[in-house]
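Taken in sequence, the protein lines are chains A and B.
85 is the number that our numbering gives to position 62 of the first sequence; each next residue is one higher, with no gaps.
36 is the number that our numbering gives to position 13 of the second sequence; each next residue is one higher, with no gaps.
Just so you know, not all the hints are guaranteed correct.
Where chains are identical, the list cannot tell them apart; a pair therefore holds if satisfied intra-copy or between any two copies.
As the list claims (entries may be wrong) - Below, a list of computed lysine-lysine pairs in the DSS-like style, where the Cα atoms sit at most 27 Å apart:
hint : residue 1 : residue 2
1    : 116       : 99
2    : 116       : 103
3    : 116       : 65
4    : 57        : 153
5    : 182       : 57
In case anyone wonders, no lab produced these hints; they're calculated from the structure.
Number of protein chains: 2
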Amino acid sequence: MATQGLVIINTGHGKGKTTAAFGLALRAAGQGLKVCIIQFIKAQAKTGEAQALTAAFPGQIELHLAGTGFTWQQDKEVVKQAALAGWQLAREKILSDGYDLVVLDELTYLLGFGILTEAEVISLLRERPKRLHLVITGRDAAQGLMEYADLVTEMRAVKHPFQQGITAQKGIEF
Amino acid sequence: MATQGLVIINTGHGKGKTTAAFGLALRAAGQGLKVCIIQFIKAQAKTGEAQALTAAFPGQIELHLAGTGFTWQQDKEVVKQAALAGWQLAREKILSDGYDLVVLDELTYLLGFGILTEAEVISLLRERPKRLHLVITGRDAAQGLMEYADLVTEMRAVKHPFQQGITAQKGIEF
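Produce the entire structure from the sequences given, and follow the hints as far as they go.
Written out as structure tokens, the structure reads:
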């Protein structure tokens, strides 16, 4: 049976969407696959897992940042241009056929902000090399995208420490 | 503010419970924390992320296996003894104060099988060093355990490829 690339979506308002995607990148790299991660929204790769992944697999896992940080108080046009540049990079990486797994972290927000349409994203998913696994993360994944995907998981917050006044902690929350 | 260890539970019938826990281990290691992972149920560390984690962080991430594999057609007493040995190891590792993060992967099944009680698990959580972060994964986490935890996420399967006749694939499913 030939390998068939899966489209995987981690959505929902709970924790673990990006963390599970990074865990999957780690799993793939551990099995010798080539991985490209593009992080939308985030402006800096300051998270522990990003540092660890790129340090542990320099030739095997690539990480690109295509964001300007959280978007409040920012010029909308600046945010949009950064996101579109990231999307262009994602297109190139996906169509290059140079990877086994591509992670588009927090891509769903670009649809929410009206920067990309669902049709544009699905069109790229259809165009991609058949063997390529693709992971998309972010809250509120569009319905059509979930219908196109092979595997959709909703991370649902049952309980969150910030609700209890516990602050974010290095190595755990970031 | 002093560091307060969090009790984190990844439960639900969807994907990503263990993968997110491994992603968190990666994040913690990337920030210089010391990690111990004990996998219940699983008999062999053949998953890509386990290989990758231990190879990438030999002195920083420890992985122990305390299972006999999936339990059908196995002697119940053999399963129970392996699980209890794993639990004893978990107690020692947790109480040693030698780690910043301990992952008890698939621990919830031991409660489901009646091998451990909720009270025994919560008692160890209370005894643990204050700074220690603890992650517990597995389906159907006990209610009292979820009440004790700081962060609970339910991974809910919205769509799964096995439903569509796609087989498990190396680097993605294992």
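Results for each hint:
1. 116 with 99: within (26 Å within a copy, 50 Å between copies)
2. 116 with 103: within (20 Å within a copy, 48 Å between copies)
3. 116 with 65: So residue 116 and residue 65 pass the 27 Å test inside one copy only (19 Å; across, 35 Å).
4. 57 with 153: For residue 57 and residue 153, only the intra-copy Cα distance (15 Å) is at most 27 Å; the inter-copy one is 39 Å.
5. 182 with 57: between (35 Å within a copy, 25 Å between copies)
When each numbered hint is compared with the structure, no violation occurs for any of them.
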